[in-house]
Amino acid sequence: MKRRIIRILCSLVVCISVTQSQINYNNWDFKIKAENSVLIDTLAVLGIRPDATSDFDSDYDIPRPPRAPSGNYLEVYFPHSGGSYPPLLGTKYAVDFQGPVDPVWNISVESSTSEIITLRWDSSYVSSIEKRVQLFLLDLTNSQLINMREKGSYSFNYTSKRDFQIIGAIKVELKYLMESFWNGVVQIRDTVKMYLAQSSSPFSFVDSLSVYLSDAGEGSFVFTYAPTGNYYLVVRHRNHLEVWSSNSQYLIKGTTSFSTYNFTTSVNQAYGTNALKQEGTVFVAWCGDVNQDGVVDFLDRNETWNDRGTSGYKPTDCNGDGQVDGNDYSIVLANRLKIRQRP
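Numbering (the working numbering), first residue to last: 1 to 343.
Just so you know, the hints here were simulated from the structure itself, not pulled from any lab data.
Ideal Cβ positions, reconstructed from N, Cα and C, are used throughout, including at glycine.
Some hints here could point you the wrong way.
Ranges between beta-carbon positions, derived for each pair [what the hints assert, rightly or not]: (1) 40 to 201: 50 to 60 Å; (2) 230 to 147: 17 to 27 Å; (3) 73 to 224: 31 to 41 Å; (4) 150 to 191: 18 to 28 Å; (5) 303 to 51: 51 to 61 Å; (6) 38 to 199: 45 to 55 Å; (7) 334 to 151: 44 to 54 Å.
Pairs of lysine-lysine, DSSO-like flavour, derived with a Cα cap of 27 Å [claimed, not checked]: (8) 338 to 314; (9) 175 to 253; (10) 161 to 33.
Sequences and hints are given; from them, build the entire structure.
This is the structure in structure tokens:
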């Protein structure tokens, strides 16, 4: 009877698997395999369907068959205790589909022997899913975080039941222009760093990421550590005043959509009073904070003056042309006493 149950289960898994041409952000699935020196378990499948839920979905989810009462075993499964789970089938899924918004998969590994266990998945398949879907394997024992697009396996020393999560990420599409780098048509490309700050005092940074912006001042930020919640968006550049979003933003971890924030449409997009400078129809960050202390003052002026006649990638190159000269010095002088504004 045990052998027959496993065959039926495997055939069902094959039936619901999608082909490569069908892959999109809300229609995909792949296997998570577990193996040690003797055994391999290939039953676990996770995926997304637009009409699936985080509870038991009779159209998609499949219970895991019970293991033999004796003998060696190795199993990877999705633990559940949802109210709609068929009570006679236990609390383990072999196949777990969820909806495309804020999905999180809990995964457990159990084995009869203490040794190295490796989890494997098809990273090339995961990489073929639209980039708005970001998947990370989180080892809840040691907080290791594995990008499942970049790696196809994870090994650990098994001693007792090991718990994991497969989680998504917070994704933000940013538009941000910089005085003296923006010429009214395009922006000199450069790297900025965005932080997610707590929405209440002490407004600590929870996550951060550096991105090389396009010549339109646009960039996509994927934050892997911050949980779903309210955050101020904070942007820093090597010689511009730090800018905070005017209000905290509710950001969802794991959603397939990017949250968007555009600092260029209004001075009111930034926290404070005149925290952005108007140039034509757009608003840009103030330039001149070359030492990044939050104020444009004599220290920035002196540093720029001392670098005059030099070239290279320097904070004192305020217009991004690769040279430090009188043009950069003039920018610092024009913006003296401008300050960073934050909650």
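Consistency of the hints with the structure:
1. 40 to 201: 50 to 60 Å: With Cβ atoms ~52 Å apart, the hint holds.
2. 230 to 147: 17 to 27 Å: Since residue 230 and residue 147 have Cβ atoms about 26 Å apart, the given range 17 to 27 Å holds.
3. 73 to 224: 31 to 41 Å: holds (33 Å)
4. 150 to 191: 18 to 28 Å: holds (21 Å)
5. 303 to 51: 51 to 61 Å: holds (59 Å)
6. 38 to 199: 45 to 55 Å: For residue 38 and residue 199 the Cβ distance comes to about 51 Å; the hint holds.
7. 334 to 151: 44 to 54 Å: Since residue 334 and residue 151 have Cβ atoms about 49 Å apart, the given range 44 to 54 Å holds.
8. 338 to 314: Holds. Residue 338 to residue 314 sits at ~21 Å (cutoff 27 Å).
9. 175 to 253: holds (20 Å)
10. 161 to 33: holds (16 Å)
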